[in-house]
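S.K.: Residue numbers (this note's numbering), protein chains in the order written: chain A, 308 to 612; chain B, 19 to 422.
Errors might be hidden in some of the hints.
Claimed, not checked - Quick list of in silico lysine-lysine cross-link-like pairs, PhoX-like style, CA-CA up to 25 Å:
| # | chain 1 | residue 1 | chain 2 | residue 2 |
| --- | --- | --- | --- | --- |
| 1 | A | 465 | B | 129 |
| 2 | A | 364 | B | 418 |
| 3 | B | 129 | B | 324 |
| 4 | A | 366 | B | 103 |
| 5 | A | 465 | B | 186 |
| 6 | B | 365 | B | 354 |
Hint data in this document are derived by calculation from the structure and do not stem from the laboratory. Bear in mind that the values here come from a model prediction, so they are computed numbers and not experimental data.
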Amino acid sequence: MLTMNEPADRLPGRAALARKVLPYALLSPAVLVTLAIVFFPMIQAAWMSLHDYILWKPKDFTFVGLKNFAAALQDEVFWISLRHTIIWIAVTIPAQLLLGLATALLLNQQFPWRPLARALIIIPWALPSVVIALMWVWIYDANYGILNEFMLRLGLIKASVPWLADPDTALYAIILTLTWQGFPFFAVMILAGLQSIPKSYYEAASLDGAGPMRQFWHITLPGISGVLVTAVLLRTIWVANSIDVIYVMTGGGPGYATYTLPLYAFIKARTNLDFGYGSSLAVLFTLMLLGLVIVYLRRAGRSVN
Amino acid sequence: MSKLISAALAVGLLAGTATAYADETVRFWYHFDNADNPMSELVAKFEKANPGIKIEAENIPWNSYYDNLYTSIVAGNAPDAAMVKMFAQPRLVEMGALEPIGDRIDAWDGKADLQDNLLDLTKASDGNSYYLPIQYVVLYLYYRQDMLEELGLEVPKTCDEFRDVAMKLTRDTDGDGQPDVYGFGFRGGKGGHDHWGSFVLSRNVDFSAGSLTSDAGVAGTQWVVDLFEKDKVFPPSAPNDGFKEVTGAFKAGKTAMTIHHIGSSNGMVEALGDAVSATPVPECGGGHWTSFGDESTAVFSSAENKDAAWKWISFLSTAGNNMEFNKATGQLPVTKTDSEGWTLHEKRFVDATVQSLPFANLLPNVPETSDFVNTVWPVNMQRALTGEITAEQMNTEIDKLYNP
Chain A
308 MLTMNEPADR
318 LPGRAALARK
328 VLPYALLSPA
338 VLVTLAIVFF
348 PMIQAAWMSL
358 HDYILWKPKD
368 FTFVGLKNFA
378 AALQDEVFWI
388 SLRHTIIWIA
398 VTIPAQLLLG
408 LATALLLNQQ
418 FPWRPLARAL
428 IIIPWALPSV
438 VIALMWVWIY
448 DANYGILNEF
458 MLRLGLIKAS
468 VPWLADPDTA
478 LYAIILTLTW
488 QGFPFFAVMI
498 LAGLQSIPKS
508 YYEAASLDGA
518 GPMRQFWHIT
528 LPGISGVLVT
538 AVLLRTIWVA
548 NSIDVIYVMT
558 GGGPGYATYT
568 LPLYAFIKAR
578 TNLDFGYGSS
588 LAVLFTLMLL
598 GLVIVYLRRA
608 GRSVN
Chain B
19 MSKLISAALA
29 VGLLAGTATA
39 YADETVRFWY
49 HFDNADNPMS
59 ELVAKFEKAN
69 PGIKIEAENI
79 PWNSYYDNLY
89 TSIVAGNAPD
99 AAMVKMFAQP
109 RLVEMGALEP
119 IGDRIDAWDG
129 KADLQDNLLD
139 LTKASDGNSY
149 YLPIQYVVLY
159 LYYRQDMLEE
169 LGLEVPKTCD
179 EFRDVAMKLT
189 RDTDGDGQPD
199 VYGFGFRGGK
209 GGHDHWGSFV
219 LSRNVDFSAG
229 SLTSDAGVAG
239 TQWVVDLFEK
249 DKVFPPSAPN
259 DGFKEVTGAF
269 KAGKTAMTIH
279 HIGSSNGMVE
289 ALGDAVSATP
299 VPECGGGHWT
309 SFGDESTAVF
319 SSAENKDAAW
329 KWISFLSTAG
339 NNMEFNKATG
349 QLPVTKTDSE
359 GWTLHEKRFV
369 DATVQSLPFA
379 NLLPNVPETS
389 DFVNTVWPVN
399 MQRALTGEIT
409 AEQMNTEIDK
419 LYNP
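Isolated chain A, as found in the complex (with noise of 0.2 Å):
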């Protein structure tokens, strides 16, 4: 029996497991938000894949197994915008990963207003994605656009093209948006990583008679490997997902040329109203990508240790 006169002997044992529960309590506010906002979302998506779900038929949710996901592999558009994605992916992320080095290699330099230019270099990064989708409207208008202005003053073409509209040049004109707007973040992630590299090894290199592209390749890019592995990830995920930049500059269109399989997913959701056909298009997406993460992070992970 515990009365007023025990404690001294059971405190231990109550502080024991105040100690071990206390954690997890104070844990529990935001695993249980995330649970709430990340994982249900997620379950029920993956619940609705499984059922024929069109919004404006609230009454007519039947459980139709994986026939979402068969319709999925014989939609001509699945593939076109599955063809997309990749183009996406594997342009954008060398492409941005290349212009982000080469201005972290620059800006690690030595001249005079250095802080301002790095403070500026941010600006793509930071500014609303919408913003820079109606700006790089108007940058490709066929009619206004300073590009066709700007190639047309230069002899480079001969009649304004409507670099949107086409469908061989739209997707491209996309990506050169989206790597225009993502590469500050691989050069400010480069930067820091390029901050860590003690000086110290690059003058013991230069006393051994290692010139500037010797010390880039076994100095550099080593010191910076951690780093780069990191961004890469990070962008992928974040690009492959992306759909806002699109949607605002052609929606997809003309056709189904920058159609990506997020988008088609969102469209098939939102605009069709077809969220069980939507919600598999997501999840076979979802599985992709993480079959890709997991691919690259052991290729990956291994390379750098």
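On the provided structure of chain A, position chain B as indicated by the hints.
M.R.: Frame of chain A; chain B shown alone:
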């Protein structure tokens, strides 16, 4: 992405439960392109006349108006009343979201003052009335009077004349070898089905099985594609162009003709003065078709104060108030009183509208029409214009949507 959607739904639900409304509040959704918002004055006038009812009017951006409306209904957070178009009616009825208002309309003093036919046009396929008309427009052809005169051309009455005139109007004015003016500003993006309809549905073609895929139907779409690909009378950006681009190019003198309604006429006159005029769309393949642009209001079945909501929407369709409303939207009033002595648009545009009324049509009153308008038409038109699919394939896709 679906995470985002679910989260949006969840937030909608939370918002629905968190905001407890007083008994006599009416939440009203509308969309105005015009930023000069007249709603506050109408709301003030209404609230003064009906003490105890509070109107919360919310301007929802047009591009996502119906996305928001449908999701809010499913999330249990629908407005009490809203502005609605006919193409959305079958879905809203299917969702059980609308309140029948036929009896209220019959008992309403303002009924006799409504323009003839409007209540018939807006009746649902189940025989009930859910919509109360609030404004209307009819699409017609805008043209540059000055450019036609300069080249000695007549206003086109048929598609053959239209093509001929459009080709002559497409020209290089500054001698750099590139056209600076295009004959026609075609809307290849969302909403452009009205343009296509005038050139295709006029040919005794409709959405019934096999009609669009008939020779006449395919010839119509092919004719549109040829205007772009062969005759090059549309600006190169046409496949992606929406309302903004089409009206912008016309006002800037980049195009000599386009199709839109009286809602843009004041802006056109502001930019071009007497140089702009209007006429009914050309007659194509022996028939005449133009789009009737409807707008009504409806009371939602989830509304707690249906009487108050009805009072508000009938207020908006009553003479005087309807005039104020249409002053803001730039469209035409539905009341006979306001239509007489209507001076807000130049006469030539009102005339073109009235002349177009006899062959003005609505799209089929079925749920598929939403998908036709939002995705099937734009995607396939864009693919046909850019040569990815043929005119026949485009019409087959539309036929498949309506006749699975």
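S.K.: Now tell me, hint by hint, if it's right for this structure.
M.R.: Hint-by-hint comparison with the structure:
| no. | hint | in the structure |
| --- | --- | --- |
| 1 | 465(A) <-> 129(B) | violated, 61 Å |
| 2 | 364(A) <-> 418(B) | holds, 20 Å |
| 3 | 129(B) <-> 324(B) | holds, 18 Å |
| 4 | 366(A) <-> 103(B) | holds, 23 Å |
| 5 | 465(A) <-> 186(B) | holds, 22 Å |
| 6 | 365(B) <-> 354(B) | holds, 17 Å |
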